[in-house]
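A.B. asks: So the protein sequences, as listed, match chains A and B.
Sequential numbering from 1 applies to the first sequence in the working numbering.
Sequential numbering from 1 applies to the second sequence in the working numbering.
Keep in mind that the hints were calculated from the coordinates and are not lab data.
Among these hints, one or two may not hold up.
Unchecked claim - A few chain A residues that face chain B, going by a derived Cβ cut-off under 8 angstroms, partial list only:
1) 63
2) 69
3) 80
4) 193
5) 208
6) 211
Unchecked claim - Below, simulated DSBU-like cross-link-like pairs (lysine-lysine); rule was C-alpha separation at most 35 angstroms, straight line:
7) A:221 / A:79
8) B:57 / A:222
9) A:221 / A:93
10) A:79 / A:222
11) A:93 / A:76
12) A:76 / A:150
13) A:115 / B:57
14) A:52 / A:221
15) A:115 / A:76
16) A:76 / B:57
17) A:79 / A:150
18) A:150 / B:57
19) A:79 / B:57
20) A:166 / B:57
As the list claims (entries may be wrong) - Here are the computed distance ranges between Cβ atoms for each label pair:
21) B:108 / A:126: 25 to 31 angstroms
22) B:105 / A:196: 19 to 25 angstroms
23) A:209 / B:122: 50 to 56 angstroms
24) B:125 / A:100: 28 to 34 angstroms
25) B:134 / A:40: 25 to 31 angstroms
26) B:46 / A:165: 38 to 44 angstroms
27) A:205 / B:90: 48 to 54 angstroms
28) B:101 / A:209: 44 to 50 angstroms
29) B:68 / A:97: 31 to 37 angstroms
30) A:148 / B:86: 28 to 34 angstroms
31) B:87 / A:142: 26 to 32 angstroms
32) A:37 / B:101: 53 to 59 angstroms
Since this is a predicted model, take the numbers as computed values, not measurements.
We put the beta carbon where it would ideally sit given N, CA and C, even for glycine.
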Amino acid sequence: MLRRFPISAGFTALATLAVLAVTACLFTVAHAAGMPAGLSPENPLLTAPDGKSITVYAVVNGKFFFTPTRHAVISKDGKYGDMAVFKGFVAPKDFHAALLALGARPGENMTLANKEATHVEGDELAVTVSWAGDSRDHALDEVIRDSNGKPIVIRFGGNLATSLDKNTGCLICLDSCPVGISSNATYTYGAVETRHEVAFTGNKDVLPADGTPVAITIRVKK
Amino acid sequence: MKPMPPGGRPGPGTDGGRALPGGALLSLAARLYAGALAGLFLSLVLSRFVWLEMRVKTGLLIPACALALAVFGGRGARGRPWPGGRSVLAAQAVLAFLFLAAGGLDPDSLAVLPAALVRDGLGLSGIPLAVLNRWLLGAVALGSAAWAATVPRARR
Numbered sequence: 001m002l003r004r005f006p007i008s009a010g011f012t013a014l015a016t017l018a019v020l021a022v023t024a025c026l027f028t029v030a031h032a033a034g035m036p037a038g039l040s041p042e043n044p045l046l047t048a049p050d051g052k053s054i055t056v057y058a059v060v061n062g063k064f065f066f067t068p069t070r071h072a073v074i075s076k077d078g079k080y081g082d083m084a085v086f087k088g089f090v091a092p093k094d095f096h097a098a099l100l101a102l103g104a105r106p107g108e109n110m111t112l113a114n115k116e117a118t119h120v121e122g123d124e125l126a127v128t129v130s131w132a133g134d135s136r137d138h139a140l141d142e143v144i145r146d147s148n149g150k151p152i153v154i155r156f157g158g159n160l161a162t163s164l165d166k167n168t169g170c171l172i173c174l175d176s177c178p179v180g181i182s183s184n185a186t187y188t189y190g191a192v193e194t195r196h197e198v199a200f201t202g203n204k205d206v207l208p209a210d211g212t213p214v215a216i217t218i219r220v221k222k
Numbered sequence: 001m002k003p004m005p006p007g008g009r010p011g012p013g014t015d016g017g018r019a020l021p022g023g024a025l026l027s028l029a030a031r032l033y034a035g036a037l038a039g040l041f042l043s044l045v046l047s048r049f050v051w052l053e054m055r056v057k058t059g060l061l062i063p064a065c066a067l068a069l070a071v072f073g074g075r076g077a078r079g080r081p082w083p084g085g086r087s088v089l090a091a092q093a094v095l096a097f098l099f100l101a102a103g104g105l106d107p108d109s110l111a112v113l114p115a116a117l118v119r120d121g122l123g124l125s126g127i128p129l130a131v132l133n134r135w136l137l138g139a140v141a142l143g144s145a146a147w148a149a150t151v152p153r154a155r156r
């Protein structure tokens, strides 16, 4: 014999609240405002009028405020697009070409064979991050924490052929990398993932909330 | 009428051994939720291994475990006791503590880590965590209620 299942008023109230919350969320619209003029998901790469810097559109991935990563910026269309502090909207090929156009010299010294014993070479790049409502640019050191407190030294590694072959989408890696277009010369490959010499996380005390668009500006240090 | 199993509570979706109207749906929701909690636990543990986390979205374990329990949990639970209504609170409390610990005891980690793993697992990469958290609150309320409702009244 079937008996009517007792559903309490509390259960009904909880279910109603949940449905209302979900409905409200469906009407939440996020939008990018206050970014450098012309920079957008559809136009994710700008070159400064003086030709001395490029700016890339990206969004913050809050996951890496509390989860270690070895990537600063990865293109959203790459295999590892969701595994960096910043999800970039520019393709590695375009990023590489823009750096060459700035006059940056690629190191091209990293290979899959020597990666664990080699520091990336190439011109050093100054990387800064800004976002809407913020008063100044922030150096990469400020927005990404190195557990050892060492400076992040980004160099233009090159690696375009390997990058296209692996399709990881890596634009800026946090240890010397044979795949990323640019990477951190402070550590050799494996420092983060296998030797655990260092842990990198996004600095939640400085960065805006998850999903916030940011402008990442890169110039060649001379 | 299903018989009460010897020495234990009946499975989800029954009341004292009797099938309930809508019980199958509640049972399914409870099993989905229990699976999602288990998947959340596993994905949190595995996400601490950086090598793995940089190659695989460990959050995929959340829908995988939820589906596994939804599909196979019913057969497994038939005739076996379903954890009581307080178990869901205990499971959530333990998970919350683990997320807090993973975030260095920073309360903000509770608003980031679970939603980030769910986002990865469900392939919702375009949705900000703030939005996802509101959805998750609804899911927690519904899941907890479904879990609690599948336990016979006398045993709650």
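A.B. asks: Does each hint fit the structure? Answer for all of them.
C.D. replies: Verification of the hints:
{"no.": "1", "hint": "63", "verdict": "holds, 3 angstroms"}
{"no.": "2", "hint": "69", "verdict": "holds, 7 angstroms"}
{"no.": "3", "hint": "80", "verdict": "holds, 7 angstroms"}
{"no.": "4", "hint": "193", "verdict": "holds, 4 angstroms"}
{"no.": "5", "hint": "208", "verdict": "violated, 11 angstroms"}
{"no.": "6", "hint": "211", "verdict": "holds, 3 angstroms"}
{"no.": "7", "hint": "A:221 / A:79", "verdict": "holds, 30 angstroms"}
{"no.": "8", "hint": "B:57 / A:222", "verdict": "violated, 39 angstroms"}
{"no.": "9", "hint": "A:221 / A:93", "verdict": "holds, 21 angstroms"}
{"no.": "10", "hint": "A:79 / A:222", "verdict": "holds, 33 angstroms"}
{"no.": "11", "hint": "A:93 / A:76", "verdict": "holds, 13 angstroms"}
{"no.": "12", "hint": "A:76 / A:150", "verdict": "holds, 28 angstroms"}
{"no.": "13", "hint": "A:115 / B:57", "verdict": "holds, 24 angstroms"}
{"no.": "14", "hint": "A:52 / A:221", "verdict": "holds, 10 angstroms"}
{"no.": "15", "hint": "A:115 / A:76", "verdict": "holds, 24 angstroms"}
{"no.": "16", "hint": "A:76 / B:57", "verdict": "holds, 15 angstroms"}
{"no.": "17", "hint": "A:79 / A:150", "verdict": "holds, 28 angstroms"}
{"no.": "18", "hint": "A:150 / B:57", "verdict": "holds, 29 angstroms"}
{"no.": "19", "hint": "A:79 / B:57", "verdict": "holds, 11 angstroms"}
{"no.": "20", "hint": "A:166 / B:57", "verdict": "holds, 18 angstroms"}
{"no.": "21", "hint": "B:108 / A:126: 25 to 31 angstroms", "verdict": "holds, 30 angstroms"}
{"no.": "22", "hint": "B:105 / A:196: 19 to 25 angstroms", "verdict": "holds, 21 angstroms"}
{"no.": "23", "hint": "A:209 / B:122: 50 to 56 angstroms", "verdict": "violated, 20 angstroms"}
{"no.": "24", "hint": "B:125 / A:100: 28 to 34 angstroms", "verdict": "holds, 30 angstroms"}
{"no.": "25", "hint": "B:134 / A:40: 25 to 31 angstroms", "verdict": "holds, 26 angstroms"}
{"no.": "26", "hint": "B:46 / A:165: 38 to 44 angstroms", "verdict": "violated, 28 angstroms"}
{"no.": "27", "hint": "A:205 / B:90: 48 to 54 angstroms", "verdict": "violated, 33 angstroms"}
{"no.": "28", "hint": "B:101 / A:209: 44 to 50 angstroms", "verdict": "violated, 23 angstroms"}
{"no.": "29", "hint": "B:68 / A:97: 31 to 37 angstroms", "verdict": "violated, 46 angstroms"}
{"no.": "30", "hint": "A:148 / B:86: 28 to 34 angstroms", "verdict": "violated, 45 angstroms"}
{"no.": "31", "hint": "B:87 / A:142: 26 to 32 angstroms", "verdict": "violated, 45 angstroms"}
{"no.": "32", "hint": "A:37 / B:101: 53 to 59 angstroms", "verdict": "violated, 44 angstroms"}
Hint check: violations occur at hints 5, 8, 23, 26, 27, 28, 29, 30, 31 and 32; the rest are consistent with the structure.
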